[in-house]
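Novice: We have chain C already, so just place chain Z on it with the hints.
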Amino acid sequence: AQTVTQSQPEMSVQEAETVTLSCTYDTSENNYYLFWYKQPPSRQMILVIRQEAYKQQNATENRFSVNFQKAAKSFSLKISDSQLGDTAMYFCAFMKASKLTFGTGTRLQVTL
Amino acid sequence: EADIYQTPRYLVIGTGKKITLECSQTMGHDKMYWYQQDPGMELHLIHYSYGVNSTEKGDLSSESTVSRIRTEHFPLTLESARPSHTSQYLCASSYRGSSYNEQFFGPGTRLTVL
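So the protein sequences, as listed, match chains C and Z.
Once you know that position 55 of the first sequence is 1360 in the working numbering, the rest is easy, because the numbers rise by one and skip nothing.
Once you know that position 77 of the second sequence is 97 in the working numbering, the rest is easy, because the numbers rise by one and skip nothing.
Worth flagging that the hints you see were computed from the coordinates, not collected in a lab.
Worth double-checking, as some hints may not be accurate.
35 Å max Cα-Cα, derived DSBU-like pairs, lysine-lysine [claimed, not checked]:
#, chain 1, residue 1, chain 2, residue 2
1, C, K1383, C, K1404
2, Z, K38, C, K1360
3, Z, K37, C, K1360
4, C, K1360, Z, K51
5, Z, K51, C, K1378
Far from chain C, by Cβ distances over 10 Å, these chain Z residues were calculated [what the hints assert, rightly or not]:
#, residue
6, G36
7, H64
8, L65
9, T75
10, S82
11, S84
12, P103
13, S114
14, Q123
15, V133
Heads up, the beta-carbon is just placed ideally off N, CA and C, and yes, glycines get one too.
One chain only, chain C, in its complex shape (with noise of 0.2 Å):
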């Protein structure tokens, strides 16, 4: 079974700056899918961006970029530029055989 560990339960960033998330995983399989899902306050989950695990260039998306490490079993999310609307729950996710194993999450919160 695969196991999914974001270790930060709560982070804070001031608007403008960078922050960067940490999730490692556990799991033998060889080919996968990664996630970083995005939970706001009270709105529905979205996907902020996804790696596969047998391309070995980090996926970006605009000011969200991936550092993969699979050897390391290591994915970890950047947010560059932080905006108030980044403040959300946080979801590492780990995709074999399309059913998703989540991490616990973490809280982000963007101050002023």
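Specialist: Chain Z only, in chain C's frame:
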């Protein structure tokens, strides 16, 4: 936001009542999922379906049941609600043809059983 809907959004109900949580999607997705999420915690998969008349139990044991009679509809039923069922229930869907199998989530139903 994705075209996946859940009703009701909030439900407060007494112990022993039968409840059905509705989930519908208009994207033609073949795969659908139910997750249970306690406040501030991770999501746990409780049911999934890969198509009409196909349902499977997820990683977290649940007393709820599901059905998939139509592609777009995936309701979850609790025959006799108990306080231990108090939680948030999230529905999701994905398309088999997508290389990423990205799951799109509904807004959730927050259930409180008194």
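Novice: Please go over all the hints and tell whether each is borne out by the structure.
Specialist: Here's how the hints hold up against the structure:
no. : hint              : in the structure
1   : C:K1383 / C:K1404 : 25 Å, holds
2   : Z:K38 / C:K1360   : 47 Å, violated
3   : Z:K37 / C:K1360   : 49 Å, violated
4   : C:K1360 / Z:K51   : 25 Å, holds
5   : Z:K51 / C:K1378   : 28 Å, holds
6   : G36               : 29 Å, holds
7   : H64               : 8 Å, violated
8   : L65               : 6 Å, violated
9   : T75               : 14 Å, holds
10  : S82               : 15 Å, holds
11  : S84               : 18 Å, holds
12  : P103              : 23 Å, holds
13  : S114              : 7 Å, violated
14  : Q123              : 6 Å, violated
15  : V133              : 20 Å, holds
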